[in-house]
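K.L.:
These are the residues of each chain, in order.
Protein chains: 2
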Amino acid sequence: MINIAILGFGVVGSGTCDVLSNNAEIIKKRIGDEIYVKKILDLRDFPDSPYKDRVTHDADEVFGDPDIKVAVETIGGARVAYDYTKRALSAGISVVTSNKELVSTHGVELMKLACDNGCVYLFEAAVGGGIPIIRPLYKCLAANNIVKIAGIVNGTTNYILSSMKNSGISYEGALKKAQQKGYAEQDPTADCEGIDAQRKISILSSIVMDGKYCDPSKIHAEGISKLTTEDIALARAIGCELKLIAYFGNNGDGTASAFVAPHFVDKACMLSDVEGVFNAVLVEGDYLGQAVFYGRGAGSYPTASAVAGDVIEACVNGSVDMKTRLWDDSVSVFRDYDDIKSDFVVYSEDDDMDLSAVLPSAQAVENASGVNAVIVNDITEAELKSKLEGKSGIEYKHYLK
Amino acid sequence: MINIAILGFGVVGSGTCDVLSNNAEIIKKRIGDEIYVKKILDLRDFPDSPYKDRVTHDADEVFGDPDIKVAVETIGGARVAYDYTKRALSAGISVVTSNKELVSTHGVELMKLACDNGCVYLFEAAVGGGIPIIRPLYKCLAANNIVKIAGIVNGTTNYILSSMKNSGISYEGALKKAQQKGYAEQDPTADCEGIDAQRKISILSSIVMDGKYCDPSKIHAEGISKLTTEDIALARAIGCELKLIAYFGNNGDGTASAFVAPHFVDKACMLSDVEGVFNAVLVEGDYLGQAVFYGRGAGSYPTASAVAGDVIEACVNGSVDMKTRLWDDSVSVFRDYDDIKSDFVVYSEDDDMDLSAVLPSAQAVENASGVNAVIVNDITEAELKSKLEGKSGIEYKHYLK
Chain A
1 MINIAILGFG VVGSGTCDVL SNNAEIIKKR IGDEIYVKKI LDLRDFPDSP YKDRVTHDAD
61 EVFGDPDIKV AVETIGGARV AYDYTKRALS AGISVVTSNK ELVSTHGVEL MKLACDNGCV
121 YLFEAAVGGG IPIIRPLYKC LAANNIVKIA GIVNGTTNYI LSSMKNSGIS YEGALKKAQQ
181 KGYAEQDPTA DCEGIDAQRK ISILSSIVMD GKYCDPSKIH AEGISKLTTE DIALARAIGC
241 ELKLIAYFGN NGDGTASAFV APHFVDKACM LSDVEGVFNA VLVEGDYLGQ AVFYGRGAGS
301 YPTASAVAGD VIEACVNGSV DMKTRLWDDS VSVFRDYDDI KSDFVVYSED DDMDLSAVLP
361 SAQAVENASG VNAVIVNDIT EAELKSKLEG KSGIEYKHYL K
Chain B
1 MINIAILGFG VVGSGTCDVL SNNAEIIKKR IGDEIYVKKI LDLRDFPDSP YKDRVTHDAD
61 EVFGDPDIKV AVETIGGARV AYDYTKRALS AGISVVTSNK ELVSTHGVEL MKLACDNGCV
121 YLFEAAVGGG IPIIRPLYKC LAANNIVKIA GIVNGTTNYI LSSMKNSGIS YEGALKKAQQ
181 KGYAEQDPTA DCEGIDAQRK ISILSSIVMD GKYCDPSKIH AEGISKLTTE DIALARAIGC
241 ELKLIAYFGN NGDGTASAFV APHFVDKACM LSDVEGVFNA VLVEGDYLGQ AVFYGRGAGS
301 YPTASAVAGD VIEACVNGSV DMKTRLWDDS VSVFRDYDDI KSDFVVYSED DDMDLSAVLP
361 SAQAVENASG VNAVIVNDIT EAELKSKLEG KSGIEYKHYL K
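Read top to bottom, the protein sequences are chains A and B. Count the first sequence with the numbering used here and you get residues 1 to 401, in order. Count the second sequence with the numbering used here and you get residues 1 to 401, in order.
No lab work stands behind these hints: they were computed from the structure. One should not assume that every hint holds.
As the list makes no split between identical chains, a pair holds if one copy fits it or if it spans any two.
[As the list claims (entries may be wrong)] In silico lysine-lysine, DSBU-like type, Cα no more than 30 Å apart, as pairs:
1) 267 <-> 165
2) 29 <-> 341
3) 29 <-> 218
4) 148 <-> 181
5) 387 <-> 38
6) 69 <-> 181
7) 212 <-> 29
8) 28 <-> 212
9) 38 <-> 323
10) 165 <-> 226
11) 397 <-> 177
12) 28 <-> 148
13) 181 <-> 267
Could you put together the complete structure from these sequences and hints?
P.N.:
In structure tokens:
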């Protein structure tokens with residue numbers, strides 16, 4: 001029997017307990033041993049939970065227990081979770097987490113600590129919820145130079161944009177609906193201003209930049225709170241869908257370009273079809289070409305599915321390849337947003353506005369709706385802004401083909 | 001330096017050499033060691049290849065070389081490849097392959113042989129080409145009971161169906177075009193009659209049935225050679241696309257239902273959008289929900305990307321979790337096709353034909369094209385056939401929502 005502990009018995013922590021106990025028989029068959037949740041560390045009591053007898057408020061009971069091999073950190077945030085993760089790893093207890101904030105801010109230190117103590121720090125659930133993406137990047141695509149990643153990695157914002165499209169309601173109305181359904185927090189800032197997506201793309205970037213740490217605070221992030229139903233209708237009129245995209249591009253010179261922003265996503269791109277709380281990550285490798293990973297990016301059980309998969313890995317595999325996963329924060333990786341070239345859709349409600357006179361390199365967007373729009377490739381937002389200076393009634397969005 | 005050998009220097013074998021040598025620097029950075037192709041075993045000479053000096057015709061030079069840690073088997077088929085794989089594994093040399101025929105017929109024996117000799121037998125490239133699917137099933141989704149898999153796993157047939165749709169040409173014409181482009185073999189039987197897909201779904205089934213071996217010869221397989229452009233047009237008229245689907249369903253009683261057949265795939269299902277040589281696999285887990293893995297399912301470089309990823313794993317990880325991957329052929333797993341319940345679209349060119357009189361449990365398919373069609377759920381093909389006996393002008397296809 002392998003004993004584990006859950007740190008933080010919230011939505012994901014209790015979901016992980018459910019997966020591990022309801023599928024205990026299958027898991028035992030797969031790994032040849034039983035996984036038992038011995039301790040649950042939380043400030044609260046859970047008198048109605050079937051696991052109530054295992055709840056403790058005393059961290060020493062967990063970190064001082066030599067029987068415990070793996071701890072599931074589902075506390076969230078980067079304060080208590082950070083302290084507990086350090087304590088666990090220092091004691092040689094592997095830690096598995098869904099905590100993107102902690103991984104993206106302290107991943108360098110925590111992975112090194114795991115490696116030094118012969119255990120692992122795994123975080124498949126930190127990006128894309130239940131969708132396998134971290135392990136495929138580390139393992140299956142390990143022979144590729146990853147040149148591009150474009151992801152819908154935040155279910156809350158994708159749900160809001162889908163609602164706005166399907167019900168014709170405003171951002172505020174759609175946010176309220178999302179909050180009522182439990183898809184958005186009462187303070188929606190981290191999701192809606194792109195901060196959650198910023199953390200997730202920083203984690204993916206650090207992996208594919210071979211462990212050069214990609215600080216999330218260096219990633220330009222723009223959210224969806226200023227988007228309107230008109231923006232969505234306009235995107236659709238020219239054969240696109242409006243999506244919040246977390247983007248990573250490998251510049252090939254040791255630097256990367258990453259940002260989070262609303263994009264007009266061409267209908268030819270599979271990301272355009274991703275609706276509601278679903279997530280999808282498009283990855284382009286130099287030998288793989290493009291692949292897409294699609295599924296439920298949040299929610300108790302899908303996230304718990306990924307956490308529990310990592311628990312199994314931590315139980316089976318020990319620290320065998322932790323050293324190939326380490327990150328290093330000695331080098332600055334990201335190009336300044338002002339220097340990042342991107343593609344844009346530029347459009348005007350004024351049919352007489354000659355956009356190709358303003359932007360000579362632009363290509364007109366053929367569309368049956370008669371929308372006056374062009375695509376400009378390979379230009380920084382700063383350059384584009386300067387070209388549009390003084391012209392009124394022209395708007396633009398990032399474009400993803 | 002880690003020395004490896006390539007067995008069979010064809011499309012995938014030479015592609016693997018290219019990936020490993022062109023991305024040698026990245027790979028070295030990732031694993032902290034260099035991977036070197038020391039020997040290439042092939043009957044032919046390759047005087048124009050940059051690797052020509054490493055080519056040998058003598059198998060003893062490979063299997064008797066104590067320096068060689070990993071062998072890449074890209075010979076194909078289940079004869080020479082089988083002998084060489086056994087020789088390598090018996091010598092403690094890990095084997096990595098894209099050979100679905102060999103894995104699906106002799107996987108039980110070969111994985112056990114690897115385990116017994118402290119090495120690994122890995123086959124990420126055997127299903128879905130470059131798409132990560134084997135490792136995600138074994139690892140990321142290890143805590144789930146996988147209830148369903150539906151995959152477009154054969155690029156040749158998907159290319160042919162896309163060509164028929166987009167160019168309005170017949171099956172024969174589309175096959176010829178595919179052969180000219182190198183997407184179909186001169187003898188297209190294995191692809192077009194569903195045998196390749198049968199092997200691939202057997203491999204996925206064996207994994208998710210926790211290693212109960214799923215013999216491909218027990219899987220009902222129907223190909224695409226009888227499909228017409230009318231079938232495709234009809235599918236589209238009722239909001240579907242015609243696709244060759246490899247299906248697995250877990251019956252929950254220790255048995256599985258698997259088959260390969262053309263399906264009307266509802267436009268709401270992401271598989272309906274998969275065009276040309278691309279592959280996609282939809283996986284449903286009890287906690288994960290649905291996830292889709294999409295990408296290039298064949299071709300030299302995408303397949304080599306997956307092979308090279310496994311080479312890296314074999315170099316880094318040794319045999320640490322091979323024992324959790326073993327298959328066992330002691331139990332018969334598959335339900336007879338005649339007893340498998342499925343969903344069908346039933347349609348008639350005769351508008352006056354009252355399909356709901358013939359099939360009282362059926363639901364009419366609302367469609368703007370006025371096609372006379374119904375959906376029947378949860379019925380065996382044998383039952384459906386008996387209900388339609390004696391009625392003329394009625395056709396049906398499997399239906400995937």
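K.L.:
Does each hint fit the structure? Answer for all of them.
P.N.:
The hints, checked one at a time:
Within a single copy, residue 267 and residue 165 get their C-alpha atoms as close as 15 Å, and across copies as close as 19 Å, so both meet the 30 Å cut-off. Taking identical chains as interchangeable, the C-alpha atoms of residue 29 and residue 341 lie at most 30 Å apart only when they sit on different chains, with a minimum of 28 Å there against 51 Å within one chain. In this homomeric assembly, residue 29 and residue 218 come within 30 Å of each other (Cα to Cα) only across copies, at 24 Å, whereas the closest approach inside a single copy is 45 Å. Taking identical chains as interchangeable, the C-alpha atoms of residue 148 and residue 181 lie at most 30 Å apart only when they sit on different chains, with a minimum of 28 Å there against 34 Å within one chain.
Within a single copy, residue 387 and residue 38 get their C-alpha atoms no closer than 63 Å, and across copies no closer than 56 Å, so neither meets the 30 Å cut-off. Proximity of residue 69 and residue 181 under a CA criterion of 30 Å is satisfied in neither setting, with 36 Å inside one chain copy and 54 Å between copies. Taking the shortest Cα distances, residue 212 and residue 29 sit within 30 Å of each other only across copies (11 Å), while inside one copy they are farther apart (38 Å). With identical chains, the CA atoms of residue 28 and residue 212 are at most 30 Å apart between copies only, with a shortest distance of 15 Å across copies and 37 Å within one.
Proximity of residue 38 and residue 323 under a CA criterion of 30 Å is satisfied in both settings, with 29 Å inside one chain copy and 26 Å between copies. For the homomeric pair residue 165 and residue 226, the shortest alpha-carbon distance inside one copy (15 Å) is at most 30 Å, but the shortest distance between copies (41 Å) is not. For the identical chains of this complex, residue 397 and residue 177 are intra-copy neighbours only, at 26 Å inside a copy versus 40 Å across copies, given an alpha-carbon limit of 30 Å. Taking the shortest alpha-carbon separations for residue 28 and residue 148, only the inter-copy value of 21 Å comes in at or below 30 Å, while the best intra-copy value is 38 Å.
In this assembly of identical chains, the alpha carbons of residue 181 and residue 267 lie at most 30 Å apart whether taken from the same copy (28 Å) or from different copies (27 Å).
Checked against the numbered hints given earlier, the structure breaks hints 5 and 6 and satisfies all the rest.
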